[in-house]
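Student: Protein chains in written order, with this note's numbering: chain A, 1 to 629; chain B, 1001 to 1054.
Do not take every clue at face value.
As the list claims (entries may be wrong) - Just a sample of chain A residues kept apart from chain B, beta carbon distances all over 10 Å, derived:
1. F65
2. A311
3. S619
As the list claims (entries may be wrong) - From chain A, some residues computed to sit far from chain B (all C-beta separations above 12 Å):
4. A74
5. R88
6. P109
7. R206
8. L304
9. A306
10. Q341
11. I374
As the list claims (entries may be wrong) - Label-pair restraints from in silico Cβ distances:
12. P1009/B x A311/A: 42 to 50 Å
13. E362/A x W1033/B: 43 to 51 Å
14. A1030/B x N526/A: 44 to 52 Å
15. P462/A x P1009/B: 15 to 23 Å
16. V293/A x W1033/B: 37 to 45 Å
17. R88/A x W1033/B: 37 to 45 Å
18. V414/A x W1033/B: 27 to 35 Å
19. P1009/B x L299/A: 31 to 39 Å
20. E567/A x A1030/B: 51 to 59 Å
21. A1030/B x Q511/A: 27 to 35 Å
22. G152/A x A1030/B: 30 to 38 Å
23. L417/A x P1009/B: 19 to 27 Å
24. W1033/B x G77/A: 50 to 58 Å
25. A1030/B x G345/A: 23 to 31 Å
Simulated from the structure, these hints should not be mistaken for lab results. The structure presented is a predicted model; accordingly, all values stated were derived computationally and were not measured. Just so you know, even glycine gets a beta-carbon here, dropped at the ideal spot from N, CA and C.
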Amino acid sequence: MSALRDLLIVCGFLAAGLGWGVWILRILDLRASGRLRHALLAAGLGLGVLGYVPFALGLAGLLRFPVLLAGYLAVLGMGAVGCISFLRHLGEASGEADGWATLRRPSGPSLALVALLVAIVSVTLLAALAPVVGVDELIYRVAAADTYLREGQMLYLPSSQYHQQPQQVQMLQMWGMALGSDSVTQVVQWVMGLLLLIAVVDLARRFMPMVWALLAGAMFYAVSDVIVLSGRASPDLANGLFLGLAGIAWLEWTARGEDRWLLVTGGLAGLFAVGARLPGAYGAIGLAVLVSVAAWRLLRRRPLRALAAGAAVGAVALAVAAPWYVKTWIQTGSPVWPFLQSVFGFRDWTPEAFRYFGGIQERAIGRWLSLGRILAAPWEFTIEPDRFNSGVVGPLLLGGLPLALVFRLPTQLVRVLAFCGILAPLWYASYPRVRAFLGPIALLFVVVAFLLWQLAESTLVPRLAALGVAGLAVAWLAVGLGQTVRAHTEAAKTTLGIESRQQYLIDRLSQADMQFDWLGDYWALNSVLPKGSRLLIYESRGYYLDFGYDRYDLIAKRETDPERLREPAYVEDQVRGLGSDYVLLWPEPRFATGYEPSNWLEVTLHDLCGSRWPIVYQSQTMVACKVAA
Amino acid sequence: MENPREDTPRSRRRLVLWLLVAWLFTVNAAFYWDVVSERAGEVFGDRSSVTRGD
């Protein structure tokens, strides 16, 4: 029953987003080429903009159930009017022949691809409806939203280093979470992924037969990050949708030359920027450059006018993102906290601690900006994606794209390549993860599907080559199906009631990709510790605790005289200063960080726990102590 | 639909296309070889590669 409620809540968001987006496009007097494209662009814009409602309520301290419910009903009502208006004017949308109509009498391969997509999408939906799991999700993606709802406002969380970076999609997820269960956060992502899949097929069917367009969608949906993230709350699929649609809006502009499309392009790039943390700015920067070049070379505008067109995209994106930076400035003194503190002043970090934190990317994936890594990147992303903390993107992109040297691409697909080509280096330089590039990857699969179709049809190679191409596609789709089964079977079984939610969480979170062993302890503490207690925890993941909490290393990373962290009396004062009532540690020190002051602090906390502070809870994985008054 | 670039002689186009087809199959072979040989037990992709807390 709760699954149905969660699904309905997200359907409500989708309807409201579509309606709001239709209004926005109508105000701009824009009609996309094709009804479905119009609806997709409207839904993307609307869903992104909706996030500002809970954002504003959060800043005003109004994150209460009655307010959020009333707001939901209000936006749904207004959106419904927009939806009705869209349906009423369906026939007016400009566009070409609708290739979707061919699906009324599908060929055998089309039917098989549709069946495969329905199967994968259904399993990922069941997984999305299961309880929340993950790593980032339990650190801040869902955990921060949960804290905001508990406190009734969006507040500064000094021990959460990422929470101040823009989290626009998280706002929508938080809204749904307040009205339903936390699974809504995952279903929101599932819907975003589904919209992106439809956008891929809708773009592809304009250049190739429907069966190849479906193959483009299926090849994209078989990317392991897409499959895994369709059932998780990380916002990458939403961001992929925003950036993919920004590319499609850019195509509309190049095809029609109506500058109002630049507002849509910039708006969607801005939504990508505020959904993808700080590195997401690469989308707006790349699009601003691309628009300038295209205005100059394609539309033959004077250089200054061309630059103005690019600047307009950047300005709109910045305007969309600005509320987040202003909010962060007000709460921390820096618009991009915890970065640029040397300019804006340090808050809750010492320069040394921040220097260590600043090296986190290099420690995770090595020196990715060395010449050797740059040159090897296409191969590594294909064969060894784990070197970039990424899932499997498959061999068809790297193997298939060079076919563009032989087969002439339609103009729009050349522009897709230009869009991806200008974004790729910026993405690689800023945050090279497959999940941060899903929008362009989605569009690249359209190009690859076109090229494979051309190869299959070519008289320059024997028919055997066409069979081989089909074999490669089938192999990749089989991998996608296998990934779906592997990633989501346990979660889907839980949603279907075959496995209990508690058992699922215990089993799933302790597996190798999560390594979260404190869930049982959290549940035990939720029932034994006094309500309203505040905790200091060793784990970075505090979700599933019913208490407010800080992470232990907050004390270390803001300590200007780290040697004092070896002194129990001093550390005790610091713990009390945070208002912590209990401290949660592993039974023995783990020394999990390379930042030594944090390790000294960990030792001192262990010294205090069991001596000055009585142990109130102990298990094989945790010891909890009450901080002496 | 045949749609080769018109400005390239057909024989050279054919040669380039064969090279590209060889590349396509080589990349696929390398990928599946890696999947089978290096990722035994993780044949369908490494779940831990996504959202590791970075």
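Student: Against the structure shown, which of the earlier numbered hints fail to hold, in ascending order?
Tutor: Hints 13, 17, 22 and 25 contradicted; others consistent.
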